[in-house]
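S.K.: Chains A and B, in that order, give the protein sequences. For the first sequence, my numbering gives the first residue as 11, with consecutive numbering after it. For the second sequence, my numbering gives the first residue as 4, with consecutive numbering after it.
Hints are computed from structural coordinates only; laboratory data are not their basis. Warning: the hint list may mix true and false statements.
[Said to hold, decoys possible] Reference listing, derived: stretches of chain B covered by chain A, where coverage requires no fewer than 3 residues with Cβ under 8 Å from a Cβ of chain A:
| # | stretch |
| --- | --- |
| 1 | 40-52 |
| 2 | 103-117 |
[Claimed, not checked] Short derived list, chain A residues pointing at chain B, Cβ under 10 Å:
| # | residue |
| --- | --- |
| 3 | M56 |
| 4 | G69 |
| 5 | E111 |
| 6 | F114 |
Heads up, the beta-carbon is just placed ideally off N, CA and C, and yes, glycines get one too.
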Amino acid sequence: NAGVMQNPRHLVRRRGQEARLRCSPMKGHSHVYWYRQLPEEGLKFMVYLQKENIIDESGMPKERFSAEFPKEGPSILRIQQVVRGDSAAYFCALRLANYNEQFFGPGTRLTVL
Amino acid sequence: AQKVTQAQTEISVVEKEDVTLDCVYETRDTTYYLFWYKQPPSGELVFLIRRNSFDEQNEISGRYSWNFQKSTSSFNFTITASQVVDSAVYFCALYNNAGNMLTFGGGTRLMVKP
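Using the sequences provided together with the hints, build the complete structure.
M.R.: Next comes the structure, spelled out in structure tokens:
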């Protein structure tokens with residue numbers, strides 16, 4: 011997984027609760043992407059962050075979803091008041107500076123009951 | 004807007020057969036990058052290959068080979084002498100610098116039977 015850790019690997023929430031997904035790229039990497047994979051579908055881009063800045067959030071739903079990548083600590087994808095349709099695998103990826111490959115973490119599988 | 008189409012949703016072959024996974028893309032950009040990723044049953048995404056739009060040289064790596072044809076906007080992936088461990092979902096993806104993101108196809112599920 012090229013030095014990208016995600017936790018938790020599995021997360022179960024009831025409708026209306028909050029979900030916090032963490033992505034910890036290897037130290038020194040500052041470009042982080044979040045993607046969502048709905049069951050039996052391909053990955054869809056959500057948001058691209060560099061340290062402390064959101065560069066592109068065009069794929070993020072306008073309500074209930076937010077993302078951050080603080081100067082210290084992991085990137086967090088936060089989903090408020092989860093609904094069943096939020097059940098998916100959420101992947102974080104890092105991009106090496108000057109390269110275009112994105113290397114993915116193992117993903118967090120969110121299940122909303 | 005960018006688009007990646009993997010018309011084959013599911014392919015089933017018997018071990019040792021060759022199999023080609025198709026990928027067709029759309030983009031208005033002249034500089035872009037194409038990727039293949041593998042997602043085995045365990046769920047992680049494994050990077051396989053990157054191709055630049057200005058490099059149409061095809062590549063062979065062991066049992067894997069890739070055929071990039073800009074004229075038909077295709078980037079096909081062939082596995083020679085398939086093995087059961089090749090069973091996975093394979094995703095083709097497109098990246099351009101302006102887009103800040105990878106655009107994925109819907110994936111092709113490959114099942115290799117013993």
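S.K.: Each hint: holds or not?
M.R.: Right, here's what the structure says about each hint:
{"no.": "1", "hint": "40-52", "verdict": "holds (count 5)"}
{"no.": "2", "hint": "103-117", "verdict": "holds (count 8)"}
{"no.": "3", "hint": "M56", "verdict": "holds, 9 Å"}
{"no.": "4", "hint": "G69", "verdict": "holds, 7 Å"}
{"no.": "5", "hint": "E111", "verdict": "holds, 5 Å"}
{"no.": "6", "hint": "F114", "verdict": "holds, 4 Å"}
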